[in-house]
Structure formats: C-alpha cells, structure tokens
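S.K.: Residue numbers (numbering that gives the first Met the number 0), protein chains in the order written: chain A, 0 to 703; chain V, 0 to 50.
Honestly, the hints are just simulated from the structure, not real lab data.
Some hints could be false.
As the list claims (entries may be wrong) - Simulated pairs of lysine to any residue, SDA-like, Cα-Cα distance not exceeding 20 angstroms:
1) A:K455 x A:L377
2) A:K376 x A:L431
3) V:K26 x A:R236
4) A:K153 x V:F42
5) A:K149 x V:S24
6) A:K662 x A:M635
Now for the letters of each chain:
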Amino acid sequence: MDIEKFQYDNKIVRDFAIASVVFAVVGMLVGVVIALQLFIPEVNAGLQYITYGRIRPLHTNAVIFAFVGNAIFMGMYYSLQRVCKARMFSDLLSRIHFWGWQLIIVAAAISLPMGWTTSKEYAELEWPIDIAITLIWVVFAINVFGTIIKRREKHMYVAIWFYIATIVTVAVLHIVNSIGIPVSLTKSYSLYAGVQDALVQWWYGHNAVAFFLTTPYLGLMYYFLPKAANRPVYSYRLSIIHFWSLIFIYIWAGPHHLLYTALPDWAQSLGTVFSIMLIAPSWGGMINGLLTLRGAWDKVREEPVLKFMVVAVTAYGMATFEGPMLSLKNLNALAHYTDWIVSHVHVGALGWNGFLTFGILYWLIPRLYRTDLYSKKLAGWHFWLGTLGIVFYASSMYVAGLTQSLMWKEFTPMGMLQYPNFLETTLQIIPLHAIRAIGGIMYLTGALMMVYNLYKTAAAGTFVADEAAEAPALPKNTAESNETRHRWLERKPVQFAVLATVAILIGGIIEMIPTFLIKSNIPTIESVKPYTPLELQGRDIYIREGCNTCHSQMIRPFRSETERYGEYSKAGEFVYDHPFLWGSRRTGPDLHRIGGKYPHLWHYLHLENPRSMSPGSIMPPYPWLLTQDLDTSTTMAKIIAMQTLGVPYPKGFEHTANALLAKQADEITLDLQKNKVPAEPSKEVIALIAYLQRLGIDIKVAQP
Amino acid sequence: MVVIVILIGCSFIIAVGFLAAFLWSVKSGQYDDKYTPSVRILFDDDKDFKQ
C-alpha cells in the first residue's frame with residue numbers, strides 16, 4: 000500500500016486560537032461592564048453607545064460567536080485534519096473563513112453599539128451581516144466536507160459526526176430566523192409577526208444553544224479529552240448512540256422558551272416532553288466524558304488541562320439536567336424572566352464552553368509551539384480562580400432569581416400584592432448582583448492569567464506552521480465506479496425513498512410559505528390596529544436602545560401578573576409586531592399594558608432621568624432622546640416595508656404618513672409644554688412616548 | 000400559528016436528513032468496529048512532540 004506524505008495546516012489552527020483568546024477577553028470584559036451597570040448605571044459614562052441595552056447583545060454575541068465560535072473553528076481545524084489524516088481541503092478557503100469571520104465580528108462590534116439591531120436574541124445582527132455570515136458559513140462547510148471526502152481514514156471518528164450536525168443545522172436555523180424585509184442598510188423588519196416571530200426566534204435560540212454551544216463542543220470533547228488523558232473514550236458505542244439520539248431530540252425542544260405564553264398548549268407540551276427526553280443523551284455524553292478518566296484520576300490532580308475538562312464536563316451535566324427541569328411548567332412559572340435563567344446559561348457558558356476551551360488551549364498551544372506550557376502553576380491558579388468565579392456567579396444568581404420571583408408572587412392575607420412597587424424587588428437583589436460582578440471579574444482575571452501564560456509559552460517555543468504526517472491512501476471503492484450515482488441509488492430503496500421525501504418536502508414548503516404568511520396577518524382581534532407612523536418610529540427607537548433586554552411585553556396568565564400589570568397578553572394583540580418584543584428577562588417591569596398608565600409628562604421626565612420619578616431606580620437616563628432629532632426620512636420606506644409584510648395600512652398611506660406623524664407629535668408636545676417642560680415635537684423622545692402610550696391599549700378600546 | 004408548520008417542516012427535513020445519514024453510516028460499515036477508532040486517534044501524530 001502506498002504511503003502518502005502530507006502536511007497538517009497548523010497556521011489556521013493557531014490563528015483561530017489567537018482570535019478566540021482575544022475575543023474571550025473582550026467578550027468577558029463587556030460582560031463585566033454590563034454586570035456593573037445593573038447596579039451602578041453610571042458606569043455607562045452617560046454614553047448611549049455603551050449603555051446596557053446596546054452592549055448586552057454585544058456581550059452575548061462576542062462570547063458566543065467570537066470567543067466560542069473561533070474556539071470551535073480552532074478545535075475543528077486541528078482535530079478534523081488528524082482524524083481524517085488529511086490537510087484541510089483548501090488553504091484559500093481556510094483563510095477566507097478566518098478573515099471573513101473576524102470581519103463579521105468587527106462589523107458586529109460597530110453595529111451593535113450604534114443600535115443597529117433586529118432585537119432578536121443571539122440574532123441581533125442586521126441583514127447585510129447576516130448575508131455575510133451565510134456566505135462564510137458556506138465556505139466553511141465546503142472546506143470541511145471537502146476534507147471529509149478526501150480523508151485517508153475510512154472510518155469517520157465520532158467527532159466528525161458532531162461537526163457535520165453543527166454545520167448543517169446552524170445553516171438552516173440562521174437562514175430561517177433571519178429572513179426579513181430590508182428598510183435600509185442598517186434596518187430590517189422580521190418576516191414573521193408576534194407569536195409566530197417568537198416561535199421562530201426560540202426555535203432558533205434553543206437550537207443555537209444545541210448546535211453552536213453543544214454539538215461542536217461534544218465533538219471537541221471526544222477528540223481532546225481522550226488525547227489529553229491519553230486514554231480511549233470510555234465507550235465508543237455510547238458515543239455513537241448518544242450522538243444520534245441527541246440530534247434527533249434536540250430540534251423539537253424550542254417551545255420550552257415560551258411556556259405560559261400565547262403559544263398553543265400542545266406545542267408547549269411537545270417542547271416539555273422532548274426537553275425531558277434530552278436528559279438521557281446529554282448525560283450519555285457527560286458520563287462518557289467523565290468515565291474516560293477512569294484510572295487516570297491521579298493525572299487530573301497534576302494536570303491543569305484535565306482539571307479544566309473535568310469541570311467543563313461536570314458543568315455540562317449540571318446544565319443539561321437543569322434545562323429539562325426548567326422546562327417543566329410549574330418550575331418555569333417561577334424561574335422565567337428571572338436571574339435563575341441567567342445563572343443557568345452561565346453554568347453552560349462559563350463552565351462547559353469556557354473551561355473546555357481553556358483546557359484545549361493549555362493542551363494545544365504547547366503542541367503547536369513544540370514546547371512545554373510556561374507555567375503549570377499559573378494554569379492551576381487560573382483553574383481555581385475561574386471555578387470560584389463560576390460558583391460566585393451561579394449561586395448569587397440562583398438566590399437573586401428565586402428571591403425576586405417569590406417577591407413578585409407574594410400576596411398579603413388581604414389578597415393584595417405584598418410588593419406592588421416593582422422597584423422594591425429590584426433593590427432587594429442588588430447585593431447579589433454585586434456578588435455576581437465579583438464572580439465575573441474573578442473569571443476574567445483567570446482568563447488574563449491564561450493570556451500571559453500562553454504568550455510566554457509561544458514566545459519560548461518555535462511554531463510549526465506545516466506539520467509533516469503520513470498515511471496510506473484510502474483504497475477506492477470500485478463497486479460504484481462503473482455505474483452512475485443515480486443507478487446506485489436506485490438499488491437502495493430506503494435511501495432513495497428518504498431522499499425523495501426530502502425533495503418533495505422542500506418543494507412543498509416553499510410553495511406553502513406565502514399562503515401561510517398572508518393568512519397569518521388576518522387580525523384575530525377586531526380592535527387591534529396597526530401602529531401610527533410616530534408609534535412605529537418610536538418602536539424602532541425602543542428596539543435601537545434595546546429596551547427589550549430589560550423589559551418584557553408578555554403578561555402571563557397568573558393572578559400575580561394580572562394584578563401587577565393588567566390583563567394577560569393575547570396572541571391576537573401582536574399581529575403587527577415585526578419583530579415581536581416579548582423579551583426574556585424582567586430586570587424592569589413588564590411594559591405590555593404601560594399605555595395610558597402614566598401621563599406623557601411622567602414618561603418624559605422618567606426617560607430624562609429615571610431616578611426623578613423612581614428614586615433608586617437602576618434604569619440608565621436617556622438624555623440623548625431629548626436632544627436628538629427623529630429621522631423621519633425613513634418613515635415612507637418603513638410603511639412600505641410593513642405593507643409588504645401584510646400590515647393593512649391604506650393604499651397611498653406612505654405619502655401622508657409623515658404629515659400624520661407631525662400632527663401626533665405636536666399633540667404630545669403641546670401636552671408636555673402645558674406642564675412646563677421644554678419639549679420639542681421633532682425629538683426622538685416624543686416618538687418613544689407615543690409608542691409607550693399605545694402599548695396594550697387596543698383591547699381596552701374593545702371592552703365596553 | 001401556521002408558522003409552526005414551517006418550523007416542524009424544517010425540523011423534519013433536518014431530522015430526515017440525519018436519518019438518511021445514519022442509515023448510510025450503518026450500512027456502509029462505519030460502525031462495524033466500535034472499539035479500534037477510539038484507540039487509533041491516540042496514535043496518529045505528535046511524533047516530534049514529547050512532553
């Protein structure tokens with residue numbers, strides 16, 4: 000058999016590693032800044048560009064897509080070449096992938112502070128960046144599948160399957176959730192409205208966790224954990240079984256993000272059932288990872304790499320047990336909208352993703368540079384500081400979540416809310432938020448120690464850009480060379496039937512989508528009307544400032560919520576909401592029934608300085624809304640876009656929209672001026688007040 | 000709530016795609032040997048690297 004000589008591309012691995020480390024520090028630093036802002040709002044220095052609502056998405060995008068994303072590519076490019084016994088398919092595609100991805104990150108780092116956002120969580124980037132992501136993802140896919148095709152090892156190691164699942168599923172999720180109608184280069188409206196948009200978003204959101212933060216990392220675990228321990232994986236059979244069961248179950252669990260909302264009951268139950276089922280395959284992975292270390296626990300005591308990996312796998316096990324539990328309706332009723340969820344995701348992000356990445360980096364960088372790690376002791380310090388940081392973070396957020404939720408739900412013996420003032424529940428958990436920030440700072444400090452350690456390691460070693468390797472060529476499969484692919488397929492009835500079904504389904508769905516969308520825009524509540532042009536502009540300012548990161552617009556049908564906020568939210572009220580703005584965390588109170596609750600003056604003063612109306616409030620002031628002029632040049636394009644989406648504005652409305660906008664702005668300004676505030680009709684604050692005053696009042700009109 | 004149909008359709012297509020991949024992997028003998036691959040990855044490189 001011929002032995003072929005070739006070289007592994009280590010340079011691309013090194014580049015992604017550097018990018019991952021750089022963005023880890025950036026992403027965590029932004030995380031610390033927003034954690035501080037939650038109890039010291041002045042940390043934003045009065046700048047709109049670094050105010051919580053705008054940089055909370057920056058934090059999530061930076062850690063998920065920049066830190067973890069680059070780490071996935073680093074680990075994949077290293078392990079895929081070795082399990083396939085082949086260099087990456089194309090060096091050029093590798094470089095395009097690397098630089099394209101970094102450019103996307105830079106675009107995100109500019110656009111999110113500017114307030115150019117779709118508001119959909121973990122999919123905030125606007126449409127030009129979405130298109131760039133799609134293109135780069137295709138480049139990445141070609142590169143990976145090309146490598147798999149030209150592999151010199153017939154058996155595809157289990158990690159490869161996890162990588163394939165990641166590439167295919169993320170592509171579908173990203174495209175389906177990001178479809179929208181562009182208004183300008185920096186603004187678009189989601190194709191879906193209200194409850195439908197919410198469902199698509201959380202189908203995406205849940206599966207982004209599944210296929211961006213879980214499956215690629217399990218693939219990495221199955222390569223790097225056995226390598227670091229120098230032990231084969233505990234049960235290869237279990238790895239195969241848990242892979243296939245995991246990917247078949249994960250995709251159906253999304254609705255558990257929408258329990259007790261307007262989503263149909265059967266869909267909620269479906270989400271819960273599949274979430275509970277997920278425990279089995281998730282724990283299959285955790286058990287397999289931990290048992291791989293059987294007989295090697297003495298190494299864990301010595302080796303920081305293994306320490307990080309053990310905690311990572313344990314955190315994975317905890318988070319994948321907690322997730323299904325939170326999907327039970329009774330527990331979800333308590334935990335949803337609270338810091339408990341924040342704690343849950345950070346056990347996953349800091350523990351599973353963060354620690355596995357650190358472990359891989361400590362193992363990989365010395366290998367790439369042909370030297371030993373600069374300081375095992377420093378890595379040990381990083382480990383303990385990081386672990387303590389996670390404990391501080393998670394425990395303080397559990398207590399904060401439970402405390403606040405129980406206060407929201409507490410009634411006096413007379414049947415009144417015990418804490419009718421929302422602010423009281425906010426102030427109660429401020430010490431816990433301070434502890435959380437300390438935990439985050441500890442975790443970040445550990446990461447900075449790692450940067451120094453890895454830098455010293457690299458400086459002491461010599462980098463091998465192209466690592467020599469050799470392997471026998473894979474024997475060609477001669478059976479199918481003398482017949483066409485399709486003939487071969489025809490002799491395999493099962494595969495053929497499956498592929499045919501897929502083809503039919505795709506065609507059918509493309510055909511059906513337009514019908515669904517037209518139908519879905521028929522309002523189910525007669526009195527619910529489209530937003531006025533001023534309200535629409537105000538809504539876009541609400542989106543720009545990220546108000547939805549702290550305020551929900553979805554009142555669940557509990558007495559504690561209807562007492563506090565008003566009538567519970569109905570699906571039919573959101574039919575013109577492109578995108579939906581239900582939110583996922585109540586840092587501040589729900590706003591769905593805020594309309595008409597306070598006079599214009601209250602909103603004006605509250606936005607100028609929230610503490611003037613609510614002493615002790617942690618909401619940042621928005622003085623720039625009072626000085627910046629509303630951009631009315633976009634009104635026409637926005638109305639036309641909404642009409643395209645099926646919002647029933649009358650024909651020709653786009654031409655009279657700005658006149659109507661000015662009239663409504665004048666009315667609000669006049670009312671404000673009567674109360675002796677120097678309001679001007681052209682300012683952004685007027686539009687935002689108009690929107691807030693409209694929220695949730697349409698069904699009140701209907702009631703006698 | 001017709002968008003559910005689209006999502007179930009997409010999810011179903013993905014699931015069916017994975018099912019096809021699974022059937023292929025079983026039939027093409029990917030899983031005939033469920034032990035050697037786990038050991039093989041430990042011996043594939045690092046010729047010059049001694050820690």
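S.K.: Take the hints in turn and mark each one as holding or not.
M.R.: Quick rundown of the hints versus the structure:
no.: 1; hint: A:K455 x A:L377; result: holds (11 angstroms)
no.: 2; hint: A:K376 x A:L431; result: violated (31 angstroms)
no.: 3; hint: V:K26 x A:R236; result: holds (16 angstroms)
no.: 4; hint: A:K153 x V:F42; result: holds (16 angstroms)
no.: 5; hint: A:K149 x V:S24; result: holds (17 angstroms)
no.: 6; hint: A:K662 x A:M635; result: holds (16 angstroms)
Hint compliance for this structure: hint 2 alone is broken.
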